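J.: Listed below are the residues making up each chain.
Number of protein chains: 2
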Amino acid sequence: MDFLKKLLKGDKLTIARTITAVENSNNSEILKEIFPYTGKAYHIGVTGPPGAGKSTLVNIVIQKLLEENKKIGIIAVDPTSPFSGGAFLGDRIRMTDLALRENVFIRSMATRGSLGGLSQKTKDVALVLDASGMDYILIETIGVGQVELDIAQVCDTTIVVLVPESGDSIQAMKAGLLEVADILVVNKGDREGCDSLILELKFAFELREQKLGWHFPVLKTIATESKGIEELISNIKSHKKYLKSSGKFEEDRKRKLALRIDELIEEKIKSHLKEFSSWRNGDQLEQLIAKVYQRKLTPYHIADEITKKIIVGKK
Amino acid sequence: MDFLKKLLKGDKLTIARTITAVENSNNSEILKEIFPYTGKAYHIGVTGPPGAGKSTLVNIVIQKLLEENKKIGIIAVDPTSPFSGGAFLGDRIRMTDLALRENVFIRSMATRGSLGGLSQKTKDVALVLDASGMDYILIETIGVGQVELDIAQVCDTTIVVLVPESGDSIQAMKAGLLEVADILVVNKGDREGCDSLILELKFAFELREQKLGWHFPVLKTIATESKGIEELISNIKSHKKYLKSSGKFEEDRKRKLALRIDELIEEKIKSHLKEFSSWRNGDQLEQLIAKVYQRKLTPYHIADEITKKIIVGKK
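Protein chains in written order, with this note's numbering: chain A, 15 to 329; chain B, 15 to 329.
Read the hints as simulated data drawn from the structure, not as lab findings. Keep in mind it's a predicted model, so treat the numbers as computed, not measured. Each residue gets a CB set at the ideal place from its N, CA and C atoms; glycine is no exception. You may find that some hints are simply not true.
Said to hold, decoys possible - Covered by chain B, per the in silico footprint, the following chain A stretches (three or more residues, Cβ under 8 Å):
1. 37-46
2. 80-91
3. 170-179
Unchecked claim - As a list, the in silico SDA-like pairs of lysine to any residue whose alpha-carbon atoms are at most 25 Å apart:
4. K323/A <-> Q134/B
5. K19/A <-> K310/B
6. K322/A <-> K310/B
7. K322/B <-> T321/A
8. K54/B <-> K135/B
9. K84/A <-> T321/A
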């Protein structure tokens, strides 16, 4: 197919159109065609709480990678409203200068459906960028409890960005964030509390280090002054080297592919469920719900009955 | 059953044990028993970004409702780690004084599985509190893009709490938050920017007001000084009155019950999927994944094949 040739060559318009097609369709035909040409790009996730300076950091990392003549795809994932259908701008505006560079392709994820659905689409978009010949794919996402875990699933190296003034609520978020981190960055490193946060994080990482054989670095950056970026880049490269030499790279990717297959099966079943209309249409639904509202029937009994009709051999 | 009698009487120990049983089990037997006795409690959701002062506000609202001799159940939902299995404390510590009051039952949701899973469990816990004879159930949750939508699904009145200094990232969250709000509260109302935020929010609400027939109030509070609380309470009551007199109360609850049935079916199918082990076990899995890793097979083809085997009549 013509589009595939152009995509593999990295034609920007074709990349954009393919991503749009993938975003708008629940059909996996395009992805089936693209998939054989993927697996080459190195995926870097950047996540953290709102206001940690992720975009600024990503921006500078990209500049450095461009100096090495690398091709870079960027996917920005934002918290979105399942209702509004539109994303807010913000940090991303600053990134538009980058989009004009030849070796850069930036995609801001639009808002379709839930954050969960968004994470799935992000994985598909990453495949398109991978097939288009990117050396690196950077995925920036807000770390709010779930999305970053989904995103980490497609990333070889996940960088978690925190700031010294992270409060209680942020603490709670960190629990999930630390689990996905391969590299930790404390940004805005000139602010009060930075060194004690770094110590605290190093301590939290100690047990994991022994388990996994990778010395988790906790780095200090001041992204707005480009401070600490060289060290961050060299740590990304060390992590890549570690993954490759230890066999973890192949092992991780295989595990993640298996997870992806599970997700695809779940998605298929969900969409089948939406088509399965016999209980939703017409009077039967209204009568059933009225009985549930009056507490003469429970939702659990109805769910049991319907599931039996959908699943092969379910009793 | 003995436990049911005690639960319906509001015995605190029985409430606690029933909640634990419901949290730990994927089995709906207990819920089937409880469900016929539910539907009486009025559900109030309180959501908003981290640091908006939700807990302080909830705390004072409860004090006022207690003065009216109401029975109140409180569920605190926090962002959690799917890995760590433990929640952080924080605001909740301040709420422990309340737990000693006779007419109050507080449950902090433990962290099991994803935030998505947590939202489902929260709905089950709300049913237990409902059956135990609570007049009001207050559910406090952090508003970070998804959980608050799930929680709004069980709430009759949802209060969204914002603060004047909400930044860009918070703006993005607000998109989803505004959609679930029945009442908006700008807390920390003595801080700069409060009045302009209130104006902005009132403007954002104008279209929705015309559509839905409820005049969305945008209130100013200073929770730490108990300011604006009387007005908040009176607005909660007005909203309740509006729902009941317009027929929206029954309509909303029926719609939400239908949604709940859909969720239960999805959950059932997911857990069936986990049991469906034929492709996961043994050599077949490893061989398949190796082929996917080598790009000789795609995840999409495998998902197609497996789905056909699970779903009745799927081609």
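J.: Evaluate each hint against the coordinates.
T.: Hints, verified against the model:
1. 37-46: Three-residue rule met by the segment 37-46 of chain A, so holds; n is 3.
2. 80-91: Per the Cβ count (0), the hint is violated.
3. 170-179: Coverage by chain B is violated here, the residue count being 0 at a Cβ distance below 8 Å.
4. K323/A <-> Q134/B: holds, 23 Å
5. K19/A <-> K310/B: Holds, at roughly 19 Å.
6. K322/A <-> K310/B: violated, 36 Å
7. K322/B <-> T321/A: holds, 16 Å
8. K54/B <-> K135/B: This hinted pair holds, its Cα atoms lying about 19 Å apart.
9. K84/A <-> T321/A: Violated, at roughly 50 Å.
Of the numbered hints listed earlier, those contradicted by the structure are 2, 3, 6 and 9.
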